[in-house]
Amino acid sequence: MKNWILLSLIFTLLFYSLAGVAQQQRFPKPEFGTGYHQPTPVTPEPRALVLEYSDVVILLIVLSLASWLALRKRSRKGMLWLSVFTLLYFGFYRNGCICAIGSVQNVALTIFDPGYAISITTLLFFLLPLVFTLYFGRTFCAGACPLGAIQDLLIIKPLSLPEWLRKTLGLLPYLYLSLAVLFAATGTDFIICRYDPFVGIFRMDAPFHMVILGIAFLLMGMFVARPYCRFLCPYGVLLNWMSGFSKWHLRITPAACIQCKLCSDSCPFDAIDYPTDEKQIKNRIWGVNRFLVYALLIPIWILVGGYTGSKAHTWISKANSKVYLAELLITKPEVRNDDKNLDVQAFLSSGKSMETLVNEASVIRHKFYIGCWIAGGFMGLVIGMTLLSQVIYRRKEDYQPDKGNCYSCVRCISYCPVKK
Amino acid sequence: MENNPKNSRREFIRKGSRISLLLTLGAVGGFAARNLTPEKYVWQIDPFKCTQCGRCATSCVMTPSAVKCLHAYDLCGYCDLCGGYLKPDPNKLSTAAENQLCPTSAIQRKYIEEPYFEYVINEDLCIGCAKCVKGCTSFGNGSLHLQIIHRICLNCNECSIARLCPSDAISRVKASKPYLVKGSFTKDAKG
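In order, the protein sequences belong to chains A and B.
Using my numbering, the first residue of the first sequence is number 1, and each one after it goes up by one.
Using my numbering, the first residue of the second sequence is number 1001, and each one after it goes up by one.
Please keep in mind that the hints were generated in silico from the structure rather than gathered at the bench.
There could be a bad hint or two in this list.
[What the hints assert, rightly or not] Here are the simulated lysine to aspartate or glutamate pairs, EDC-like style, with alpha carbons at most 16 Å apart:
no.: 1; chain 1: B; residue 1: K1006; chain 2: A; residue 2: D189
no.: 2; chain 1: A; residue 1: K29; chain 2: B; residue 2: D1074
no.: 3; chain 1: A; residue 1: K367; chain 2: A; residue 2: E45
no.: 4; chain 1: A; residue 1: K367; chain 2: A; residue 2: E163
no.: 5; chain 1: B; residue 1: K1177; chain 2: B; residue 2: E1011
no.: 6; chain 1: A; residue 1: K247; chain 2: A; residue 2: D402
no.: 7; chain 1: A; residue 1: K352; chain 2: B; residue 2: D1168
no.: 8; chain 1: B; residue 1: K1174; chain 2: A; residue 2: E45
no.: 9; chain 1: A; residue 1: K396; chain 2: B; residue 2: D1168
no.: 10; chain 1: A; residue 1: K396; chain 2: A; residue 2: D273
no.: 11; chain 1: B; residue 1: K1049; chain 2: A; residue 2: E52
no.: 12; chain 1: A; residue 1: K261; chain 2: A; residue 2: E397
no.: 13; chain 1: A; residue 1: K261; chain 2: A; residue 2: E52
no.: 14; chain 1: B; residue 1: K1110; chain 2: B; residue 2: D1089
no.: 15; chain 1: B; residue 1: K1177; chain 2: A; residue 2: E45
no.: 16; chain 1: A; residue 1: K318; chain 2: A; residue 2: D189
no.: 17; chain 1: B; residue 1: K1174; chain 2: B; residue 2: D1080
no.: 18; chain 1: A; residue 1: K29; chain 2: B; residue 2: E1114
no.: 19; chain 1: A; residue 1: K318; chain 2: A; residue 2: D270
no.: 20; chain 1: B; residue 1: K1177; chain 2: B; residue 2: E1039
no.: 21; chain 1: A; residue 1: K167; chain 2: A; residue 2: D402
no.: 22; chain 1: A; residue 1: K403; chain 2: A; residue 2: D277
no.: 23; chain 1: A; residue 1: K157; chain 2: A; residue 2: D273
no.: 24; chain 1: A; residue 1: K247; chain 2: B; residue 2: E1011
no.: 25; chain 1: B; residue 1: K1174; chain 2: A; residue 2: E52
no.: 26; chain 1: B; residue 1: K1087; chain 2: B; residue 2: D1074
no.: 27; chain 1: A; residue 1: K167; chain 2: A; residue 2: D273
no.: 28; chain 1: A; residue 1: K396; chain 2: A; residue 2: D205
no.: 29; chain 1: A; residue 1: K29; chain 2: B; residue 2: E1113
no.: 30; chain 1: A; residue 1: K29; chain 2: B; residue 2: E1098
no.: 31; chain 1: A; residue 1: K29; chain 2: B; residue 2: D1080
no.: 32; chain 1: A; residue 1: K157; chain 2: A; residue 2: D265
no.: 33; chain 1: A; residue 1: K403; chain 2: B; residue 2: D1046
no.: 34; chain 1: B; residue 1: K1134; chain 2: B; residue 2: E1011
Being a predicted model, the structure only gives us computed values, none of them experimental.
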C-alpha cells in the first residue's frame, strides 16, 4: 500500500515537472533588478445579473401598465408616454437587446439543441408578452415593444391599404417566422437579430445596408403605419394567435355602438372590422360550396408547400457555414490554395479531416431537409387557411377591433363620440 | 347576451382555445426550461483557438470593435525585438511609427531596464485587428491575445463576430468568469 502511494507521488511530481517544461516559454520572463511593478490586464465586468432580472421586472410593469391603460384607463395619452418610455429604455438604453421578438430563436434553438442553455431572462421575455396577450390583447405591441414604439411615434399620414394587399403581405411574417425557427433550430443563424432594421438606430451604429434599411422602414412607416409589425414581425404571428382568443380585449365604445364609422377612420392599421354587409351573405349556398372546396384544398396546399420546401433545402442549407464550407471544398478544390479565403485556411490549419467536416455538414443538411418539409408544409397550411378565411362570414353588428391584428394602441377610443 | 346560444357557444370555443393555447405555451416553456440556467452568459474568445484572421476588427456591431488586445504580462518576455510591436525587418528597434506593427499605435513601448521593454495596450486606440497578436504568437510567447471587453460589448443575442469566426473561437461563457485571459486560462484546463 505504502509503495503504491509512493509510486503515485512520484508520478504526480513527474507530471508536474513535465507540465512545467511544456509551459516553458520561448523567452522566459526576466527577473527585474529595478523595482518594476508589473501591471495587471484590465478586465471590466459585464453587466450585472441583477440588472438582467430587473429588465424582466420592468417588462412586467410595462406590460401591466399597458394593459391597464388600454382596457381600464382607455387613455391614448398614457399609452403614448408609455411607448416613449419603452423606446428610451428598451430601445436606446438597452440597445434593443434582448427583445421578445428575438427570443423566439433562443427558444427554438434550446428546444432542438439540448447543449444550448437558455437564461431565465430570455425565456421570460418570450413567455410574458404571449401570456399577457392571451388575456388582454396585444398591449405588448402598443406599449412594451421598442420596435413598435419607434414606428408608432412616426406615423404621420397613414394610408389605408386594400384588403388583398394586406392579406398577401400578411403572409410574409409566417415565412419569416418559419425561416427564423429553421435557421435557429439548425444552429445556423439568428436572422431576426441580424436583419432587425431598428437595432442599428438604437445603437446609433450599424453596417451601411442596415442603416438604409432602418431609415427606409421609418420613412415608409410615415405612410404605411407600422410596416415591420404588420408585414414582417415573426413574433407578431404568435401574438396574433394569442390575441385572437384573448379573454379581455380593448373595446372601442364604452356603451352601445352608434355605427358612426369614426373609429375605423382613426385606425392607421386597418384593424377595425366593419359591421357585416347583409348583401354579402345573400348567396350563402355559393359560399358554403367554396368553403368546402377551400377546406379540401388545404392538405394539397400543405403537400405542395412541404414539397417545395424540401426541394429548396439544398439551397437554403448553404446559409450554414459548415455546409457551405464543405460544399465549397468539394466543388472547388482549388480554393485550398487561396490564401485569402480565411475560412478555408482556418479549416486546413485546424487539422480537422475532410471526412469529419463532410459528416457534420451532411447531418446539418439532413436537419434542413426535415425542417424545410415542416416549414414548407406550415406555409402551405397558412396559405390554405388565409384563403379559407376569405369565404367565412362571421356576422358582426358593430364596428369592432379585429382582435388578431389590433395593437391596442387606443387611438380609436378617443375618436368614439359615445361616452358612458 | 348570456342566454343567446350562439354567443355562449362562441364563448365556449374561445375559452377552450385559450386554455389550449395556454397549455401549448406551458409545454413549449417547460420543454425549453430543460436547459434553463439562472446564470448569465457572455461572449468570449478562446485565445488558443483564435487564428488572428482579423475579422474581429470588422465584424463587431460596435465601431471600433468590442474586441481588444489584452496583454498577459506574466507570459511576456519583455523583449527588445518584440514580434508584436515591431514590423518584420524594422529599420531600428525604436518607437518610430514606420517600425510599428500596430496600425493605430495602440501599443506603448516603455524602457524598463537593459534590455527589457514593457508593452502596454492603449484600449481606446486598439481596434482588435490582431496584427500584434499574430506577431507575438508567431515569434514570441503569445502574451498578446484578443479578448472581448465587456465594458464595450453589447452582449448581442447572437455575436456577429462569432458567426463569421473561421475557427469557432468565440463562444458563450458564464458571466461569473467572463474572461479567458492567457496564463490563468490554459489550453488544457478548459471550463
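Each hint, compared with the structure:
Among the hinted pairs, K1006 (chain B) with D189 (chain A) is inconsistent with the structure: their alpha-carbon atoms are about 47 Å apart, more than 16 Å. About 7 Å separates the Cα atoms of K29 (chain A) and D1074 (chain B), which keeps this hinted pair within 16 Å; it holds. Between K367 (chain A) and E45 (chain A) the CA atoms are separated by roughly 38 Å; this puts the pair beyond 16 Å, and the hint is violated. In summary, the hint linking K367 (chain A) to E163 (chain A) is not supported, as the alpha carbons are separated by about 37 Å, beyond the 16 Å threshold.
Between K1177 (chain B) and E1011 (chain B), the direct Cα distance comes to roughly 53 Å. Violation of the 16 Å bound is thereby established for this hinted pair. Between K247 (chain A) and D402 (chain A) the alpha-carbon distance is near 14 Å, which keeps this suggested pair within the 16 Å criterion. Restraint check for K352 (chain A) and D1168 (chain B): the C-alpha separation of about 13 Å stays at or below 16 Å, so the hint holds. Between K1174 (chain B) and E45 (chain A) the CA atoms are separated by roughly 12 Å; this keeps the pair inside 16 Å, and the hint holds.
Taking the CA atoms of K396 (chain A) and D1168 (chain B), the gap is about 57 Å. The hint is violated against a cut of 16 Å. This hinted pair checks out: K396 (chain A) and D273 (chain A) have alpha carbons roughly 8 Å apart, not beyond 16 Å. Among the hinted pairs, K1049 (chain B) with E52 (chain A) is inconsistent with the structure: their alpha-carbon atoms are about 30 Å apart, more than 16 Å. For the hint pairing K261 (chain A) with E397 (chain A), the CA-to-CA distance comes to about 13 Å; that is within 16 Å, so the pair holds.
Straight-line distance between C-alpha atoms of K261 (chain A) and E52 (chain A) comes to about 45 Å, which puts the hinted pair past the 16 Å bound. Under the criterion of a C-alpha separation no larger than 16 Å, the hint pairing K1110 (chain B) with D1089 (chain B) is inconsistent with the structure, at around 20 Å. A distance of roughly 9 Å separates the Cα atoms of K1177 (chain B) and E45 (chain A); the hinted pair therefore holds under the 16 Å criterion. The suggested pairing of K318 (chain A) with D189 (chain A) holds, with an alpha-carbon distance near 11 Å, which does not exceed 16 Å.
Pair hint K1174 (chain B) plus D1080 (chain B) does not hold up; C-alpha atoms about 37 Å apart against a cutoff of 16 Å. Taking the CA atoms of K29 (chain A) and E1114 (chain B), the gap is near 14 Å; set against the 16 Å cutoff, the hint holds. Taken as a hint, the K318 (chain A) and D270 (chain A) pair is broken in the structure, with Cα atoms around 39 Å apart against an allowance of 16 Å. Distance restraint check for K1177 (chain B) and E1039 (chain B): the Cα-Cα separation of roughly 11 Å lies within the 16 Å cut-off, and the hinted pair is therefore satisfied.
For the proposed pair K167 (chain A) and D402 (chain A), the alpha carbon gap of about 13 Å is at most 16 Å, so the pair holds. Taking the CA atoms of K403 (chain A) and D277 (chain A), the gap is about 19 Å. The hint is violated against a cut of 16 Å. Restraint check for K157 (chain A) and D273 (chain A): the C-alpha separation of about 21 Å exceeds 16 Å, so the hint is violated. Straight-line distance between C-alpha atoms of K247 (chain A) and E1011 (chain B) comes to about 10 Å, which keeps the hinted pair within the 16 Å bound.
Restraint check: the Cα-Cα separation between K1174 (chain B) and E52 (chain A) comes to about 14 Å, which is no more than 16 Å; the hinted pair holds. Note on K1087 (chain B) and D1074 (chain B): the hinted pairing is violated, with a Cα-Cα distance of about 23 Å set against a maximum of 16 Å. For the given pair, K167 (chain A) sits about 14 Å from D273 (chain A) by alpha-carbon distance, which is consistent with the 16 Å threshold. Straight-line distance between C-alpha atoms of K396 (chain A) and D205 (chain A) comes to about 48 Å, which puts the hinted pair past the 16 Å bound.
Restraint check for K29 (chain A) and E1113 (chain B): satisfied, since their Cα atoms lie roughly 13 Å apart, inside the 16 Å limit. Our distance criterion of 16 Å between C-alpha atoms is broken by K29 (chain A) and E1098 (chain B), whose separation comes to about 27 Å. Restraint check for K29 (chain A) and D1080 (chain B): the C-alpha separation of about 13 Å stays at or below 16 Å, so the hint holds. Taking the CA atoms of K157 (chain A) and D265 (chain A), the gap is about 12 Å. The hint holds against a cut of 16 Å.
The straight-line distance between the Cα atoms of K403 (chain A) and D1046 (chain B) is roughly 49 Å, outside the 16 Å bound, and the hint therefore fails. Proximity of K1134 (chain B) to E1011 (chain B) is assessed by CA-CA distance (about 68 Å); at most 16 Å being required, the pair is judged violated.
Of the numbered hints stated above, those contradicted by the structure are hints 1, 3, 4, 5, 9, 11, 13, 14, 17, 19, 22, 23, 26, 28, 30, 33, 34, listed in ascending order.
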